[in-house]
Amino acid sequence: MNNFPALIVVCPLCAALLNLVLNRINEKLGKAVIVLSVAASLIMSVFVLAQVITTGTIHYHMGNYDMPLGIEFVIDTVNGLIVVLVSLIGFLTLLFSDNFGYKFKTRLTKGAANTVLTLLIVGLLGMTLTGDVFNLYVFLEITSLSAYCLIALGGERGIFSAFRYLLVGTVAATFYLLGVAILYGVTGTLNMADMADILNEGGKDQAMLLAICFLVPAFGIKMALFPFHGWQPSAYSYSEAGAAPLITGVMGKIPAYAMFRYLYCIYGTDFKYFNSILVIVGVFSVFGMLYGSIRAIAQTDIRKILAYSSVAQIGYISLGFAIGTPIALCGAFLHMLGHAFMKGGLFFCTGAIRHKFGTVNIEDFGRIYKKMPLTCGTLTIAALSMVGIPPTVGFFSKWYLGSAAAMQGEWIYLAVLVISSLLNAIYFFRLIEKVFINEDKSLKERVYDEFKTCGWKLVLPVVVCFIAILGLGLANVKIIDILMLSLKGVGLC
Amino acid sequence: MLGLFSLSMRPVLAVAVSLIAAGLIYVLGERIHADGREGITITAAVLKIILVYSMIPAVLAGTEIKIELFRIVKGISLAFNVDAAGMVFACIASTLWLLTSLYSIGYMRGHGEKNQTGYFAAFAMCLSATMGICFAANLITFFIFFEILTVATYPLVVHYRDEEGKASGHKYLAYTLISGQIFFAGIVVIYATCGTLDFVPGGFVTADKLPMQWALLVFFMMVGAGIVKAGVMPLHSWLPAAMVAPTPVSALLHAVAVVKAGAFCTLRVVLYVFGPEMAKACHGAEILAWMAVITIFVSSFIAIRKDNLKARLAFSTIGQLSYIVLGICILTPAAAAGALYHIVAHAFMKITLFMAAGAIFVTTHKKNISDMVGIGRRMPITMAAFTLASVGIAGFPFFAGFASKANIIFGAMAANKPLFAATLVCSGLLAAVYLLPVSIIAFKKQPAEVHVDGQLVVNRDFAKYGEASKLMLIPLVITCVISILLGIVPNLGLHLYDFAVMAGNAIFGIL
Amino acid sequence: MINAFLAQDGIYLLTVILLGLGLAGIIVCNNYMKKLICMNIMQVAVIFFFLCLGQKNGGTIPVAMDTIIHAADYINPLPHGLMLTAIVVSLGTTGVGLALLTRIWERFGTLEEDEIIQVKGEDEV
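Note that the protein sequences, when read in sequence, are chains A, B and C.
Following our numbering, the numbering of the first sequence begins with 1 at its first residue and continues without gaps.
Following our numbering, the numbering of the second sequence begins with 494 at its first residue and continues without gaps.
Following our numbering, the numbering of the third sequence begins with 1005 at its first residue and continues without gaps.
Derived by calculation from the structure, the hints in this document are not laboratory data.
Any given hint might turn out to be false.
[To be verified] Okay, the calculated bits of chain A under chain B, using three or more residues with CB under 8 Å as the criterion: (1) 389 to 400; (2) 414 to 420; (3) 425 to 434.
[What the hints assert, rightly or not] Listed next, with one range per pair, are the computed distances between beta-carbon atoms: (4) C:Y1078 with A:G56: 16 to 26 Å; (5) C:E1116 with A:L69: 47 to 57 Å; (6) B:E657 with A:G489: 49 to 59 Å; (7) B:K607 with A:L29: 44 to 54 Å; (8) A:P227 with B:H526: 35 to 45 Å; (9) A:W411 with C:G1062: 35 to 45 Å; (10) A:L69 with C:L1010: 27 to 37 Å; (11) C:T1071 with A:L29: 14 to 24 Å; (12) B:E657 with A:G358: 45 to 55 Å.
[What the hints assert, rightly or not] So these bits of chain B aren't anywhere near chain A, every CB distance computed over 10 Å: (13) L506; (14) P648; (15) V970.
Each residue gets a CB set at the ideal place from its N, CA and C atoms; glycine is no exception.
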């Protein structure tokens, strides 16, 4: 019980490496170990979350070193929830990716793909849990490297996108490291809490400003915040189909959470230039929300539509950070959770359609609902949630963001929120129209000779996302209450 | 502990019953026989009627039926509150759901329509949302059901799935979603400034919370959603476009759910959020009233020129709905009561007209009025009902339209606004001008009378047709009879007139 | 004089210039191989920066010796430890980058960006 925070990360990490060996013996065995390990993480993370809710923030010291010398995992209710999210979507993606095994030529690549996908989960979990700025860098790089590989596995275009992402992503990591170096230079510590204490003593505003100038672009690139999103649309679109839900649904959110940590937990509202930084983040978000939606309207490949829509949706999250009241932060995190299921769900659906009919062009989707009613149900509900139609989770996160903006008197943010949802409506209702109304293209089902389809592994993720989108919507107050436990005193009050 | 069937659970059940029906129809629809599917609709409709009617005595006695289900967003519950105004709308919607459902079955089968499962599921969903709109106790609950209604109506509008349907679907979505999102922003502003969203008869927005220069903007941001759905000009153009849908859908849009939900939204925003004083002080009510007046005239003139029967009825709806908006904006108790009662009166009359138009279309495949010469001879009951309803729309005494209109006129006189009163009188005449010719044409004798199979036929085209099928005929006769009965005894049965008056008095603080 | 300059903040200036060169190279170069090299230069710049932070006058390398017992006589070992990790990461990244470049070379027969875009079509960018 006490070691759960560490085990959440260590379990899948060991399984991922073990898989390389087991895969040589038996392909299924390796996969089973991975799936079980992530399932174990999921269960442990739920336990840890329950514990955090009842007893308060957990500080886990790796190897029992005294703080601030050792590496610390800090779990409050916010990242407790995010860890559950990551392991859940990771678990579903692992199951889902089984259906795309036919694309790999050899058993070795297939096994390696599973390992890399698990490492991505490990990296994301670690980034969320850690309370140490350099440890965050390590997990960031684990995440990035596995993401490069998974994107490169998506075929010829994937390789090209992966390389571009690699260049940009490394620039981001380097910037991050530079930011850390500057902060380390003035504080002499790497522990986030310790660093926050030292910075709060004051007098280091210049160095802090310099560091944040590197940190915001670094996280901006990693989360694909406008205008740092250039790598994202093609990388999201051409990533390996089996891993796409995790990459698109979760990968961009964790750097956003890290940015929140820096802004609110390390820097804090006492920082002299805090409001200016928030305004800059706000401007990025506003333009991102508009730009992403407008570009998405022009696409016909569903994956590209969804990728550009992510640029807009990440804007919602960073908009919450920019407004900066506890309610806005709650809205941002609710959107983070909700959007993971919406975008993940949409990619699960797209993947299922692609798996069955081999197309990703929305022009081919005519009346596909007759063949895949469940998938199209989730597609619809996720799309409605993106637009922000009640009672889906998308509406409620928008409500919190909107009301926080109104209470702060940020009318522009409120207006952009409305405009952006209307732009979303244009392309998502176009998608719904294609799925339900357009002429049937009578697509041929793909037949897999050597490969048997695992029906339930396609269905389960789709169903879970469906339930989560509605469930998070109706139970949003519960989530907000949990988030509030940690966010109460944070931000501008 | 609340029993499942206790009084305060009933609004929840009324919403749930058609929600469950919608789910069942969607899931089972293709798997069970069509009769079974329609059985679900009818059962749900009957249950809903029972649930809604059973609340009448309590509301009439002045008991407020309140229930807070759970927190829907931080600080605000998903709450229902059955008041007199909501009761009026709920009674109408639930009653007409049963009748339209019966009629729909006849229409859809008679016409051999496709996609019936989706149709009935979306229909039930619309009704569920409408119930939620009736009973919502605060703006958030209201907005949730309002948006569900918007989305659930979309599949009905694009029912035929052709290019024309898609184009009107786009138009519909553009109007309703944009206004809906602006409504959302308005609600957010109200919440940020006033800190509450609970409907209060007479309004809760005060000048010290919402500065007057902003009040007008917020007023129109919120009322916009209502008047788009109610088809007030210049925001009406989705409504005639939506005429491409099957006739029962038009009946639903025009008489039962959608446009009425718009009118009801206007009522809630003007009288329960802003309140008469605030609405007057920010000049919102006055501007809106003049918009309604213009709409009444313009729509009547357009209606005269339309040859397509459904299009003529659509413009008639636009005009009639503006009566309600005008009644609300006059801001007197009598006018408010009249406006509410007009929801009832117009519903029964307009649904009769649409059902008659649909019956003609299914039986003879005629859409245009000019083709209907002599049709009354072959379909006497249908056309008689049509004629009676037309007279009612024109506002003749002893028809349902009279009671509501008279009240609005009294209200206008009490508020010292004779121009509004004159508008209503004129528009009654205009309604007679555009609706009665239809009956005249239908019953016209042509010089060349012919006999086919020994029967007297006026127009050769109609030789092979008889009266519409029973499933369509019975509902339309019922609605026609009700609209006459309500004209003679406005309070008949459901005490709807009392409810309207009660609501009017509550808003203006008269006990 | 150079020594004095470097002992002041000059060393940081140099690393910043190195960083800038790397960044500019990534943006300007047309050849993917060169971009990758520039990426490496950039990483090295940050590693330098970190190591400079740990440096101090009169300190010796942080390996425990019997003759020196005061912690103050050693330079800060932490940046070195961190940079060891950073170097490994940079190695990994370069490895993945090179592997990707091999595949791009196999497929397109070139590493010049404009040529690849010509082959591939414009929609990617």
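Results of checking the hints against the structure:
1. 389 to 400: holds (count 8)
2. 414 to 420: With 4 residues closer than 8 Å to chain B, the stretch 414 to 420 of chain A meets the three-residue bar; holds.
3. 425 to 434: holds (count 3)
4. C:Y1078 with A:G56: 16 to 26 Å: Since Y1078 of chain C and G56 of chain A have Cβ atoms about 39 Å apart, the given range 16 to 26 Å is violated.
5. C:E1116 with A:L69: 47 to 57 Å: holds (49 Å)
6. B:E657 with A:G489: 49 to 59 Å: Given a distance of about 58 Å, which is inside 49 to 59 Å, the answer is holds.
7. B:K607 with A:L29: 44 to 54 Å: holds (51 Å)
8. A:P227 with B:H526: 35 to 45 Å: This hint is violated: roughly 58 Å between Cβ atoms.
9. A:W411 with C:G1062: 35 to 45 Å: Cβ of W411 of chain A to Cβ of G1062 of chain C: about 60 Å, so the range 35 to 45 Å is violated.
10. A:L69 with C:L1010: 27 to 37 Å: holds (31 Å)
11. C:T1071 with A:L29: 14 to 24 Å: violated (56 Å)
12. B:E657 with A:G358: 45 to 55 Å: violated (32 Å)
13. L506: Holds, since 18 Å exceeds 10 Å.
14. P648: It is violated; P648 of chain B is separated from chain A by about 7 Å at its closest Cβ, not greater than 10 Å.
15. V970: holds (36 Å)
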